[in-house]
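S.K.: Those protein sequences? They're chains A, B, C and D, same order as listed. Position 2 of the first sequence, counting from 1, maps to 2 under this note's numbering, and the rest follow consecutively. Position 80 of the second sequence, counting from 1, maps to 80 under this note's numbering, and the rest follow consecutively. Position 101 of the third sequence, counting from 1, maps to 101 under this note's numbering, and the rest follow consecutively. Position 93 of the fourth sequence, counting from 1, maps to 93 under this note's numbering, and the rest follow consecutively.
Hints were generated in silico from the structure; no laboratory data involved. Glycine included, C-beta positions come from ideal geometry on N, C-alpha and C. Hints are not guaranteed to be accurate.
[Unchecked claim] Covered by chain D, per the in silico footprint, the following chain C stretches (three or more residues, Cβ under 8 Å):
1. 9–23
2. 53–60
3. 99–108
[Claimed, not checked] Where chain C lies over chain B, by a calculated footprint (3+ residues, C-beta under 8 Å):
4. 1–7
5. 67–78
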Amino acid sequence: MKLIYFAKVREILGKSEEIIEVPSEIKTIQNLIDFLISHDPSYKAALEDKDFFVACDEELVDMDFIIKRKSEIAIFPPVTGG
Amino acid sequence: MKLIYFAKVREILGKSEEIIEVPSEIKTIQNLIDFLISHDPSYKAALEDKDFFVACDEELVDMDFIIKRKSEIAIFPPVTGG
Amino acid sequence: MIEIRIHPQSFDIDYEMKRIQESSSSGAMVSFLGSVRDIQSKNSLKNLEIEHYPKMAHKVLNETAKYAFEKWKLSRCLIIHRYGKLKINDPIVLIVTQSDHRKEAFKANEYIIDFLKINAPFWKKENTSKDSYWVSQKP
Amino acid sequence: MIEIRIHPQSFDIDYEMKRIQESSSSGAMVSFLGSVRDIQSKNSLKNLEIEHYPKMAHKVLNETAKYAFEKWKLSRCLIIHRYGKLKINDPIVLIVTQSDHRKEAFKANEYIIDFLKINAPFWKKENTSKDSYWVSQKP
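Full structure from sequences and hints, please.
M.R.: Structure below.
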């Protein structure tokens, strides 16, 4: 699964993208976030305040969205463009 | 009293301004309009449909506005600028 | 800063906007540009003549700009209105409002053009090859 | 016609607006220009860095423009958004909406900038001589 990160989330994690293998019991975005946090403390720092959004294939999704294995999943803070 | 005309009103009257003497019983804009219409049929053609505005010293005024003798009185159709 | 200009010559939207954008650190600038279009004559417009009442036009534009400037806390307000003979697509009116906040810049701009349309003493006449019409007021 | 551009280079407001104004006979054109200002660093801003998610940014801008184009019957809609390192007063975003009717041009323009501010994946970081801050979202 391809994960990409932007802005503050990218800075805290110290990487802009990665490919990870996730166990088959990870179904939703919430499962994925919990998995990442349990897996490495840097994710905890980046994601624990819950002030982030998730886009699946360039579409914003909720935490209960069911992940497709081939998707590009982006995690980023609230946007500040314009 | 100085009268000035714009756009369609000016065209129908065939003049853009004039100085007229008005009798002392002419107090309001309505009195003035009635006086002009009774005085010359071209004013009737220009003003009888009531689709005009009056400005007294560059300020829009109502028909019951009391005229000052030294004012510049402008009569014109609805504006279409912008 | 408020600027009002009423003249027959054309204007450079470009120059005016750049000048305002570079002169201030307010973050939001809204502009409205009204151009000559063929309103009533159905593709046979030769030119558009704009007549105005100079003293009153200046007064109305000035007062409108001042009101908007204060109400919406603008950093800049520019109004340019042309008169005389114009061709199709020629610019007629430019309104630029600049503020720290975009909502204010939008509101002020729309207020100014709405107000001018019903209060500023300008009149449009369409000349076609056959005929001439005074344009009638629309909301 | 809809045009979306996302790039680091600057743009000429002037050129863009003139081009649109001259290409069409719609009478009303509204533009919004957002520029770099010193939001949090209080006069010590060195530069502003804009990061973006390219694929999604294009998608969001395109969809937003299409929605506005149809809803408000626009004749033209242009959105330019920059990314990369910008200086104070540099233009960031330009939105131009053109229509036969000014109300529609204003509504479409304000809708687009409001929507982008909360949905388009761009992030601003202010760099001062001492420090760097990610700008936080404001309505």
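S.K.: So, for every hint listed, does it hold in this structure?
M.R.: Going down the list of hints, with the structure as the test:
no. : hint   : verdict
1   : 9–23   : holds (count 8)
2   : 53–60  : violated (count 0)
3   : 99–108 : holds (count 4)
4   : 1–7    : holds (count 3)
5   : 67–78  : holds (count 4)
Going through the hint list in order, the structure does not satisfy hint 2, though it satisfies all others.
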